[in-house]
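**Q** Chains A and B are the protein sequences, given in the same order.
Its first residue numbered 1, the first sequence is counted upward by one per residue in my numbering.
Its first residue numbered 182, the second sequence is counted upward by one per residue in my numbering.
Read the hints as simulated data drawn from the structure, not as lab findings.
It cannot be assumed that every hint is accurate.
Result set (DSSO-like, lysine-lysine): computed pairs, CA atoms no more than 30 Å apart in a straight line [to be verified]: (1) B:K399 / B:K358; (2) A:K135 / A:K157; (3) B:K358 / A:K50; (4) B:K386 / A:K142; (5) A:K74 / B:K386; (6) A:K74 / B:K358; (7) B:K399 / A:K67; (8) B:K358 / A:K142; (9) A:K50 / B:K386; (10) A:K115 / A:K157; (11) A:K67 / B:K358; (12) B:K399 / A:K74.
All of these numbers come straight from a predicted model, not from anything done at the bench.
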Amino acid sequence: MLFGRRVEAERFEAVALPHLNCLYRTAVRLVADRTTAEDLVQETYLQAWKCFYRFQTGTNCRDWLFKILFNNIKHYRRKQIRLVKGTEDLLEGLIYEPPIPEDLCDEDVLRALEKLPPHYRETVLLADVQEFSYKEVAFILKVRVGTVMSRLNRGRKLLRAELAGVAESYGIKNVKKGGDG
Amino acid sequence: MNPIKYGRRSCEQVQSYLDSYLNDELSAETNGEVQRHLESCRNCSAEMEARVRLRNALRQAVESETVPVALQARIREQIRASQPVPLFSLTGGRLGLAAALLIALCLAAWGAFSLWNRQAGEQFVRADLNPLLSAQTTRILNIGLGDHIHCAIEDEATRTHFGEIQPRYAGLLPLVKEKLGNTYEVVAAHQCEVDGREFVHFILKNGDATLSLAITRKNGEAFPDDGRAPVLNASGVILHQGHSPDYEVVGFEAGSDLAFVISDLRREENLRIASILTPPVSDLLTR
């Protein structure tokens, strides 16, 4: 029985640990600091391990781990003071898509990402970076597919608007799109 | 679906599909139509390229984050720490192989027996552990224990932490926080269903200890007054107490509801908490 438990731990590590980097890199973009992100990821793995006997081999471990992570992030956020930001005001009156600078550095992109409200940021991270499908994102975040689509659309627009602000600081002006389609 | 035609209106329509096109979420037919439009429309094609560039920049930026080297080692360590200690580390290798094998066989036999007991539903309140309880009381206590095991223990990773609660029970959450908030954190408050029965369920934690307050409508059940077990009283409300190998359960009636306090705490501590909660919970439910 002891031997069996060790084999089970090794099996869990084999299926779950390959997703560690993705989980950590997602967590880091959603919480206040790297230490908290590490703690959340560790807690995620511990919870997943405790429930591993219910996990069916061959089903999607990555979805399952991300769902646990987002449960933990949601729980963590409830303890934090909410900062109400006016970032969504950027969407008002944005009738054209601003250009995206060619030479953005990682820092600029991450700074713009950080300015997105959490529910847009997490949708963009899951769909655009982690390449989950709409259905998978809906499963992880426990929302409808329509909500995923709308948050992704607005999240991308906001990100672009934030980066346009960076572009202006580089001297690139926003020009209204014209021409025929 | 009508094919998308080339033209100004078509560009607006195509651009409304670009998000889903980027995520490969369109049907094959629509995907093909968008693709054909992009091949022949400079503006839409430039817009698509911009979106791809943004997505690639985002991926690169996020993936540039260095993952702490020690994180994987810590995770492996905590998994190992949650396992039983291997036999030979206990013996220190000083016992002979035959003696070590004998010990291993005994442990395996005991382990198999425990495992059989658990698989037979022995994690619930049992008559052999609670000889003074009637079969009916045991059955009722196991209603609450079943919800705790299913929701607070087995489904820990994926339960809804906080969900909508019917107005009749909504006052319980602030009550629980007021009475136990100094030492316990409410980690979940929701309605759930176990074995076809609906519960209002509050889950609290204090370190490793997990405690549930679970409420369910009576379905004809009532604790018998047969004088078999010691009567416990919390300000006029009779408490019925039982235990399983891993959990302590206290149950009481509150009007048309059954209420339970279940935990993995020592018996006295679980009973103490039940005694704190019972009077106000009972008052609220019987108003």
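**Q** If a hint holds in the structure, say so; if it does not, say that too.
**A** Now the hints, each set against the structure:
no. : hint            : in the structure
1   : B:K399 / B:K358 : holds, 25 Å
2   : A:K135 / A:K157 : holds, 21 Å
3   : B:K358 / A:K50  : holds, 27 Å
4   : B:K386 / A:K142 : holds, 24 Å
5   : A:K74 / B:K386  : holds, 17 Å
6   : A:K74 / B:K358  : holds, 19 Å
7   : B:K399 / A:K67  : violated, 34 Å
8   : B:K358 / A:K142 : holds, 26 Å
9   : A:K50 / B:K386  : holds, 17 Å
10  : A:K115 / A:K157 : holds, 12 Å
11  : A:K67 / B:K358  : holds, 27 Å
12  : B:K399 / A:K74  : violated, 33 Å
Of the hints listed earlier, those the structure fails to meet are numbers 7 and 12, in rising order.
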